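Peer 1: Starting from the structure of chain G, add chain H where the hints point.
Protein chains: 2
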Amino acid sequence: MSVKKKTRGQLIVLSGPSGVGKSTVISELLSERQDIYFSVSFTTRQPRVGEADGVNYHFVDRATFERMIANEELLEYAEYVHNYYGTSLKVIREKLDAGIDVLLDIEVQGAAKVRAKCPDAVFIFIVPPSFEELSRRLHRRATDQEEVIQGRLRKAKEEYQEIPNYDYLVVNDKVSDAAAEIIAILTAEDCRTRNRMNFVEGV
Amino acid sequence: MSVKKKTRGQLIVLSGPSGVGKSTVISELLSERQDIYFSVSFTTRQPRVGEADGVNYHFVDRATFERMIANEELLEYAEYVHNYYGTSLKVIREKLDAGIDVLLDIEVQGAAKVRAKCPDAVFIFIVPPSFEELSRRLHRRATDQEEVIQGRLRKAKEEYQEIPNYDYLVVNDKVSDAAAEIIAILTAEDCRTRNRMNFVEGV
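Going line by line, the protein sequences match chains G and H. The first sequence begins at 1 in the numbering used here and counts up by one. The second sequence begins at 1001 in the numbering used here and counts up by one.
Bound conformation, chain G alone (with noise of 0.2 Å):
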């Protein structure tokens, strides 16, 4: 009986609302955890000042965005607020695989289809502090006129009610507190007995 490294890597799953902080949150816990591979969506949108393609997004058109679903290129993909966004099945495939924990930011729709798929991945919903401090998150933004910003705060509360379906809640009030949180998560994860089994012999 002696320890073993673990064979296959963990799926994580990352939702939250428009404006909640999460790209700030993702960056800080990929500098602390830069073992993890971060699946890089692919979507229609335009790419916002200081994004960049290939890094936030692959920025791609809606003809070769709907070729990819039509050959089943996708792990699951949704339209939101007029735009597709969608994973890549083939990456995280071949990361898993090699042991590599693998994290997507995908909104709650797309998360459904994983969460049909991948019964075992790990699914994480981040709020703000409050509804009030969304708004205010949303208008300092100020990339969006104010009719976006409050389709984006309806799309929110509708959001919500999804969350029953995460088994992980964090609340983004400081940036380094919820990227503790989900290192924490992750660590938790890992330690779970049907993921360390084979750490066991002969039980």
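Misleading hints may appear alongside valid ones.
To be verified - Part of the chain G face toward chain H, derived, beta carbon under 10 Å:
1. VAL127
2. TYR160
3. PRO164
4. GLU181
5. ILE185
Hints listed in this document are in silico derivations from the structure and should not be mistaken for laboratory results. Here the structure is a predicted model, which is why all the values come from computation and not from measurement. The beta carbon of each residue, even a glycine, is placed where N, CA and C say it ideally should be.
Peer 2: Positioned in the frame of chain G, the structure of chain H alone reads:
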């Protein structure tokens, strides 16, 4: 919608074979998380050198323990290597109601009884890096005769059969790493959606 504090403490059950170094891990854990209440068990076994009444155990005689059983004062109790070990119910209930996390150090029979009564408790099993290492640690402790050590090793093999009933498996190779993993597990459990739904008003 705003963040609220949790209202109820978490019950944490820690088990592991004799000699795995559980007491040392627990000391490290409690020095980091001083908000946790460590439930001191009652036992009829003799104190070892360095053990103090009310700190390591409440040491009582057999008649006293059997009176506690008759009065239903115990959450669980078990007989183990010809001695009783048990947990008082009253104090634990008070602490949990006050929002304080409670840590129990109990063996597998007792843990099974707690699991039946408190399915929301967190169950953590601690193993040594190998069975050979467990044998070395038991011999190094040098408080027991060889036949007692052999009895403890046989008992450990039986206890290992219970591991699949535990939520988490922690390997005590380095004490500080094992304690850090347990702290991460407790943080993650605090983040569980079911424990935080009251954080999100209006859902």
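Peer 1: All the hints need checking, so say for each whether the structure fits it.
Peer 2: For each hint, the structure was consulted:
1. A distance limit of 10 Å between C-beta atoms decides the matter here; for G:VAL127 the minimum to chain H is near 6 Å, and the interface restraint holds.
2. The closest approach between the C-beta of G:TYR160 and any C-beta of chain H is roughly 5 Å, which is under the 10 Å cut-off, so the hint is satisfied.
3. For G:PRO164, the interface hint holds, since its Cβ comes within 10 Å of a Cβ in chain H; the closest pair sits about 6 Å apart.
4. Checking G:GLU181 against chain H by beta carbon gives a least distance of about 5 Å; that is within 10 Å, so the hint holds.
5. Proximity of G:ILE185 to chain H holds as hinted, the smallest CB-CB distance being about 4 Å (cut-off 10 Å).
The structure agrees with every numbered hint stated previously.
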